[in-house]
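The whole structure should be built from the sequences, with the hints applied where relevant.
Here is how the chains run, residue by residue.
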Amino acid sequence: MSLGGGWYLGLAAVLFGIGALGLLVRRNVLVMFMCIELMLNAANLTFVTFSRMLNDIAGQVLVFFVLVVAAAEVVVGLGIVVAIFRRRTSTTADDLHSLKG
Amino acid sequence: MPLLPLAGFAVLVAGGRRIGDPRAGWVGTVAVAGSFVAACITLAGLLNVTPASKRVFTQTFFTWIPVGGLHVKVALLVDPLSITMCMFVTGVSMLIHLYSIGYMKGDRDYSKFFVYLNLFVFSMLVLVLANNLLVTFVGWEGVGACSYWLVAYWFRRESAASAGKKAFIYNRIGDTGFLLAMFLIFSKVGSLDYLTIFSHRQLLAGGTATAAVLLLFLAATGKSAQIPLFNWLPDAMEGPTPVSALIHAATMVTAGVYLLCRMNQVLALSPDARWVVAIVGGVTAFVAATIATSQQDIKKVLAFSTVSQIGYMVLAVGSEAYIAAIFLMVCHAFYKGLLFLGAGSVIHGLDDEQDLKRMGALRKFLPWTYGTFLVGWLSIVGVPPFSGFWSKGDVLTNVYAKSKPLWALGVVTALLTAYYMSRLFFLAFYGKDRWAEALGDQPAHHNPHESPWVMRVPLVVLAVAAAAGGVLDLPWVHHDSFAHFLQPVFATSLFDANAHPLNQWVLALVDAGVALVGIAVAWQLWRVRVDRPALEPPFLQRVWYWDDFYDAAIGRPGQALARFSATVVDGRIIDGAVNGVATLVRSASTGVRRLQTGYVRNYALGIALGLAAILVFVASRTWWS
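Line by line, the protein sequences are chains F and P.
Quick note, the first sequence lines up with residues 1 to 101 if you use our numbering.
Quick note, the second sequence lines up with residues 1 to 625 if you use our numbering.
Simulated from the structure, these hints should not be mistaken for laboratory data.
Just so it is clear, CB atoms sit at the ideal spot from N, CA and C, and this is done for glycine as well.
Keep in mind that the hints are not guaranteed to be accurate.
[What the hints assert, rightly or not] Simulated restraints, written as ranges between beta carbons of each label pair:
hint	chain 1	residue 1	chain 2	residue 2	range
1	P	LEU615	F	ARG52	17 to 25 Å
2	P	VAL569	F	VAL25	54 to 62 Å
3	F	GLY77	P	VAL578	39 to 47 Å
4	F	ILE80	P	VAL578	35 to 43 Å
5	F	VAL25	P	LEU615	16 to 24 Å
6	F	LEU3	P	VAL592	45 to 53 Å
7	P	LEU615	F	VAL82	34 to 42 Å
Here it is, written out as structure tokens:
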């Protein structure tokens with residue numbers, strides 16, 4: 001049995017929406033990171049889906065790039081989080097508003 | 001010929017300080033003497049050429065500015081007019097260089113003085129010998145610059161520095177006229193070359209010629225110290241006396257007259273402009289003569305006298321008596337140079353005293369100066385047979401043919417000239433020895449001493465020239481005379497054409513009579529007494545309030561404008577604009593700053609909303625198109 005491409009795209013949209021909503025409402029930095037990952041992977045899912053639908057390998061190649069960049073971003077982001085955690089003992093994003101204009 | 005002074009200039013610039021006190025002066029003098037000899041040789045060569053109309057030579061060195069239709073060559077034009085100028089410029093310069101060796105002795109910048117003098121002679125020769133207007137202009141600016149340096153030579157003195165500035169600024173006003181005249185002529189004729197301009201002068205006919213002549217005349221009023229730009233010359237007396245003699249009496253100030261004579265073929269096209277020239281010259285001669293009657297400073301009297309004499313030359317030019325103008329110029333160079341050098345000798349002898357009221361009885365102490373000054377005095381006053389009589393008579397005869405009122409003005413001026421020069425002479429050399437008394441806070445001078453021989457020799461040579469200069473152009477000599485020599489250069493000359501021989505005799509007698517009357521009046525008034533306030537009204541002492549007028553009409557409004565610019569334009573408008581931009585940016589950024597909350601979720605919301613907006617836009621374009 002195989003599902004139509006629309007299902008995959010719908011799933012990706014739902015995942016992306018959950019991720020975006022989580023990013024907006026949660027304050028814990030780690031959770032926000034997970035939300036970002038969720039959104040990135042939702043995007044990856046659409047890439048793969050379209051790649052299969054259109055018989056174009058380029059979409060899957062892009063997914064690899066996205067994975068690599070996401071991994072790098074997580075490394076940097078977690079590094080920052082650890083550095084902040086050492087100074088502040090909390091990981092609430094709203095506490096970090098020292099760049100307020 | 002001009003290269004020798006340039007070489008002298010270069011040598012003195014390079015090693016003047018090392019060459020030292022008297023020798024630097026000798027280097028300069030020898031350089032100028034060399035060019036005098038060169039001028040003599042050229043003159044002899046020119047005289048050998050016959051017929052006289054062929055006596056025009058152009059020597060091209062290189063093309064200076066080849067741009068489009070403008071080809072300016074650095075070239076010299078040798079013709080009777082330019083060689084005449086060269087003769088007396090180099091001759092008088094040589095004598096004054098020699099004189100300066102003695103006069104400037106012990107000055108701290110001795111060699112620098114000769115640097116400037118040599119550069120001046122070079123510039124003057126360039127001015128005189130140039131074959132086109134632009135090269136003349138180079139010389140014109142060169143002499144102007146040297147004049148500035150030399151007037152402000154004792155620049156540690158405040159008044160000398162500001163006099164230099166004044167001279168320079170007045171000259172700049174005139175130079176504007178020169179430049180505009182050049183543009184005008186080039187736009188009409190397409191060339192700046194004198195000979196080309198003359199052969200195409202019909203292109204300038206009508207209003208153009210009038211405009212060109214008036215612009216050139218503006219230049220001449222600046223350089224030759226005529227109304228309205230004459231005020232700088234008396235102030236220029238702040239310079240050392242040899243400078244006053246060389247630049248501000250004999251050579252540079254006659255450059256304006258020379259320019260007008262050189263452009264005589266253009267002047268011939270415009271009777272209106274000639275009237276302006278003649279009237280300005282006559283009025284200047286008169287005004288300056290009245291001022292000279294009441295000046296205290298010996299050099300100021302001579303300065304106003306120079307202005308007045310140049311007024312005569314300009315009057316002659318306006319009357320188309322170019323030959324008379326040049327003749328007077330040459331004679332004036334002799335006797336006014338002599339008078340200035342004599343005054344310098346007096347000042348030198350009295351340890352830099354320039355006030356006539358503190359002189360007197362000098363004839364016993366300065367016999368050489370007295371004797372030569374006597375000759376200069378009789379020349380300028382116009383007593384026959386000295387040169388001034390012939391040259392001034394020549395001018396007045398021509399003016400008589402042009403216009404009777406101007407002639408009358410000239411005769412009155414001659415009377416005033418005789419009066420003020422005699423006043424100067426009697427105050428300085430006769431009466432009591434007032435220098436021996438202390439005056440106010442100024443101590444008495446010790447006995448004056450006669451100048452060294454290097455200063456006396458030029459005095460004697462110039463005295464001979466001033467006495468005998470009239471021989472150049474006696475009215476009854478028609479061949480081999482000065483006028484005959486210069487004739488080919490000029491388009492017209494009124495001389496001999498309109499004056500009846502009997503008229504000439506009458507006019508000459510009038511001149512001589514006026515001179516004697518002037519002397520007699522001054523003898524009565526000034527031989528014994530020194531103090532006659534009624535004859536020295538403040539109106540004349542303050543130069544007809546010309547300077548005050550310029551101060552009120554130009555200086556004050558100029559300052560007010562500058563102040564207005566400083567406070568209102570600069571303070572409010574320009575600073576206001578700058579500060580206004582800053583204030584605007586600050587208030588705008590204070591508003592925008594509130595967006596920068598520092599909360600990540602706010603930013604994320606912004607991104608999400610923006611994304612949503614883009615999606616809606618793309619979707620709407622996809623579905624409804």
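We went through each hint and held it up to the structure:
no., hint, verdict
1, P:LEU615 x F:ARG52: 17 to 25 Å, "holds (23 Å)"
2, P:VAL569 x F:VAL25: 54 to 62 Å, "holds (59 Å)"
3, F:GLY77 x P:VAL578: 39 to 47 Å, "holds (44 Å)"
4, F:ILE80 x P:VAL578: 35 to 43 Å, "holds (42 Å)"
5, F:VAL25 x P:LEU615: 16 to 24 Å, "holds (21 Å)"
6, F:LEU3 x P:VAL592: 45 to 53 Å, "holds (49 Å)"
7, P:LEU615 x F:VAL82: 34 to 42 Å, "holds (35 Å)"
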